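A.B. asks: Sequences and hints are given; from them, build the entire structure.
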Amino acid sequence: MRCGVVVFPGSNCDHDVYHVLKHVLDQEVLFLWHQDSSLKGCELVVLPGGWSYGDYLRGGALAALSPVMAAVRRHADAGGLVLGVCNGFQVLTEAHLLPGALRRNARLRFECRDVFMRVERTDLPFTRRYRPGQVVRMPIAHGEGNYEDSPAALDQLETAGQVVLRYCGPGGEPDPAWNFNGSARAIGGVCNPRGNVLGLMPHPERCAEEVLGNSDGLALFESMVAPVARTAGARR
Amino acid sequence: MSPAAGQAQEPRVDAELARAHGLSAEEYDRLRALLGREPSFTELGITSALWSEHCSYKSSKVYLREFPVSGPHVLQGPGENAGVVDVGHGWVAVFKMESHNHPSFIEPYQGAATGVGGILRDVFTMGARPIACMDSLRFGRLEAPRMRHLVDGVVRGIGDYGNCVGIPTVGGETGFHPSYDGNILVNAFALGIARRERIFRAKMGGPGNPILYVGSRTGRDGIHGATMASEAFDEESEKKRPTVQVGDPFTEKVLLEACLEAMRTGAIVAIQDMGAAGLTSSTFEMAGRGSTGMRLDVDRVPLREPGLTPYEILLSESQERMVVVAQKGREEELVRVFRRWGLEVVNIGEVVAGGRARVVWRGETVADMPIRPLTEDAPVYQRPVAEPRDLQARQAPPEVPPPPASLAETLRRLLATPELGSKEWIWRQYDHTVRTNTVQGPGGDAAVLLLKGTPAGLAMTSDVNPVYCALDPRRGGAQAVVEAARNLACVGAEPVGLTDCLNFGSPENPEIAWQFRECVRGMAEACRGLGVPVVSGNVSFYNETDGRAIHPTPTVAMVGVIPNLGNVPEPGFARAGDRVLLLGLDAREFGGSAYLRLLFGVEQGRPPAVDLAAEARLQELLRHLAYEGLLRTAHDLAEGGLAVALAEACFGRGLGARITVPMAPTALFSESQARALVATSPAVADRVLEAAEDAGVPARQVGEVGGERLEIHADGDALIAGVADLRAAWATALPRALGL
Chain G
640 MRCGVVVFPG SNCDHDVYHV LKHVLDQEVL FLWHQDSSLK GCELVVLPGG
690 WSYGDYLRGG ALAALSPVMA AVRRHADAGG LVLGVCNGFQ VLTEAHLLPG
740 ALRRNARLRF ECRDVFMRVE RTDLPFTRRY RPGQVVRMPI AHGEGNYEDS
790 PAALDQLETA GQVVLRYCGP GGEPDPAWNF NGSARAIGGV CNPRGNVLGL
840 MPHPERCAEE VLGNSDGLAL FESMVAPVAR TAGARR
Chain X
2 MSPAAGQAQE PRVDAELARA HGLSAEEYDR LRALLGREPS FTELGITSAL
52 WSEHCSYKSS KVYLREFPVS GPHVLQGPGE NAGVVDVGHG WVAVFKMESH
102 NHPSFIEPYQ GAATGVGGIL RDVFTMGARP IACMDSLRFG RLEAPRMRHL
152 VDGVVRGIGD YGNCVGIPTV GGETGFHPSY DGNILVNAFA LGIARRERIF
202 RAKMGGPGNP ILYVGSRTGR DGIHGATMAS EAFDEESEKK RPTVQVGDPF
252 TEKVLLEACL EAMRTGAIVA IQDMGAAGLT SSTFEMAGRG STGMRLDVDR
302 VPLREPGLTP YEILLSESQE RMVVVAQKGR EEELVRVFRR WGLEVVNIGE
352 VVAGGRARVV WRGETVADMP IRPLTEDAPV YQRPVAEPRD LQARQAPPEV
402 PPPPASLAET LRRLLATPEL GSKEWIWRQY DHTVRTNTVQ GPGGDAAVLL
452 LKGTPAGLAM TSDVNPVYCA LDPRRGGAQA VVEAARNLAC VGAEPVGLTD
502 CLNFGSPENP EIAWQFRECV RGMAEACRGL GVPVVSGNVS FYNETDGRAI
552 HPTPTVAMVG VIPNLGNVPE PGFARAGDRV LLLGLDAREF GGSAYLRLLF
602 GVEQGRPPAV DLAAEARLQE LLRHLAYEGL LRTAHDLAEG GLAVALAEAC
652 FGRGLGARIT VPMAPTALFS ESQARALVAT SPAVADRVLE AAEDAGVPAR
702 QVGEVGGERL EIHADGDALI AGVADLRAAW ATALPRALGL
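These protein sequences, in sequence, are chains G and X. Those letters in the first sequence? Residues 640 to 875, by our numbering. Those letters in the second sequence? Residues 2 to 741, by our numbering.
Any given hint could be a false lead.
What the hints assert, rightly or not - Below, in silico cross-link-like pairs of lysine to any residue (SDA-like), each with a Cα-Cα straight-line distance of 25 Å or less:
#, chain 1, residue 1, chain 2, residue 2
1, X, K453, G, K679
2, G, K679, X, R337
3, G, K661, X, A457
4, X, K424, G, K679
5, X, K453, G, E849
6, X, K453, G, S854
These are calculated hints, taken from the structure and not from any lab test. The structure presented is a predicted model; accordingly, all values stated were derived computationally and were not measured.
C.D. replies: Structural data, given as structure tokens:
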């Protein structure tokens, strides 16, 4: 699959995503520059983590206005796959390609650690390689990952099945102590109604090789590049 | 013509103004003799920066020559922006450590942040992509005025900067001691990797080549930072806040990417970041190394605000700026790259033949001086040294009282101090997994990173015990080196080089100069004994307030190579049933121990002896066992001795152990060196004992991993404690002490 990794000034997980797609999964990968107006034929676009534009104003706020985002929006509207990780998730919410907002962590400190997430949907092009209800371990590293929206919007999100990943305890049980950023309803990853745009706070690209002690994130990339994933996931 | 004769704004230079700039009477005379006239104000500013202790190493140079600096793996030793060591498979590691103590005490957030920024630039300016940071921090008592604010500010500053640039902070150390109440230490380390043939140096050359200025604009921040770092503190220091620089990690990240891309054009002759003493030190040092001259048109330097004088432009320490010497005719290729990344790039002068610097501002020459006498041939001093008068009294053997409570409670009390407690509260705030190389992050004996595309790994650690150094600087210096190497050996890494940050009080005090000399000698002896070269480093003097100096703190950061990452032991117990073995011998050494200091408030006696031959044997054995895949766990014995090491080994996965050792109960806290704890599967325990015997390392099987309790049966007493209970005391120690 031809994959594009968007580079905003300040992106710093771009090489990590590139590495997984190119060297672990042997895909065709190119970097897309923030001023590009075309996605150069990429079927999958990844907005990587980092501090795009220094997180000035708000995380993701300036990147959402960059030229490449117009192309990303067209791609998403046409059913193409878009993945946003960490800062990339913030960019997607700022661009209104995903609902909600990511506020500062409830404890107001940057947090770097492994978390456990329950996979709430496995019929998406991003998650079809996971088992329903599977608990995965992934690293987080962020200061602004506290997912928030109005109660009505959150209800709507739940009803529409747009909550894809939820923080949980090691056994999959709901546990506020494991919701390190204080996200509403322990939400760690959401998709758009159509299911072709996913944003998540943890870093699947940092746990995609056994040599790093954890490969729980690899199935997410495998799901996306598997031939069956090339069309947008159907609503369940 | 005397430079700047026509400029009424510039103060007239006399002996008093020179003194106010930190120049001694002899140095002022030396400058006048060099010029054959009175210096201009700008020339005085340039000289005061270049001859400051911080830039010139004038009090330390004579001793630093004792370090071994070469070896089969060394491609670049001290004298460049960072050291370069061959790590195999065509890769080199580029690394250095530097202090940012003075600014961090005045303004902790920006001081620590710009410390990280500066050390990252030192690494990428050599063509290497930074892949890891470590920080060695020393704070005073948490009850001391401002101390919690300093801890919080430093940790946030380091985190916000490194996290934003996207370089993982994979290790480091944090200590607390009253000697840092008035002078905290922030030592930042960075390591980058590059292909062996792609190293860049900061040696100016080629008359006619243009000198480019790249990055942030120049403001008034940090003027005379280098001079400030060369003075002690007093009650006036608060007024120096404007001399602290302000960091912008976003610009740093962009600068990093742009520089690495620009280097690939092949159009760069030399490149250096503007660190301490800004434009002055970067350009003069580059020209000095290349024995060339230069012309600088400082009125072309992009300014953040109007009205800066040439003096201010030359001495500003505004951050995230680089000097690039381009190949004449290829400037445009570089300009295109930097502009694409949104960076300002301006031609500010050119390399000229001869050895003089001519600085021009609005058509007038404001400085015209020979370069090498100011850089390579700056003053060097052999300061008077004197053994501290109270040293012998402090070295008298200490009385070692029995444990103040039950053994379990004694251990719990030690683990509950910020000194020995977990530092997780700090390193959770640092991204330590970005760049996807981190095999073992903070909290272990040494950090372990992938060297992508090879079976090998890199390991790194930073160590020093300032109490040991205060009680016996020579032993303390040696101990820092052997402990660092032992930590590397615990992950199976062969050391390839070290960088250091030598933090001391005023070298003009003979007792401090003696401490410095002795520490360096101890380090040099240990480096030679273990075959580890010193490839870069930094000296920070004048860490004292109102005449009270810090403990001597020669921080050592050591880098090693693991040939095969398949078999790296972990620092904690990994599997129930594993056999626990103790390598090395105890000699009941309590001088400077955590036991005496933290439980009885006593800092007394000579620190543990360093036996270089025994260390070399132990470390070779550890590497051999790791390489053969015989170890599941390896952890070195350090502060707090065997009891603390065993507790730490239990914390990794919450596994207990049942241990029996034929030693007095108090000896569980002795800090004898050249010891390590290992655990292996029962099937290979005998092979490990045989290998130890062949290597001449005393070894004994002492127990077994398993259960939820740590039990240590010593002669006539036993330590029995729940792992969860000990872990809770250890894990909450620092947040509790911070009042969180």
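A.B. asks: Confirm or reject each hint.
C.D. replies: Hint check results:
With a CA separation close to 28 Å, the supplied pair K453(X) and K679(G) exceeds the 25 Å bound. At most 25 Å may separate the alpha-carbon atoms for a hinted pair to count; K679(G) and R337(X) meet this at roughly 23 Å. Between K661(G) and A457(X) the CA atoms are separated by roughly 21 Å; this keeps the pair inside 25 Å, and the hint holds. For the given pair, K424(X) sits about 47 Å from K679(G) by alpha-carbon distance, which is inconsistent with the 25 Å threshold.
This hinted pair checks out: K453(X) and E849(G) have alpha carbons roughly 13 Å apart, not beyond 25 Å. Note on K453(X) and S854(G): the hinted pairing holds, with a Cα-Cα distance of about 16 Å set against a maximum of 25 Å.
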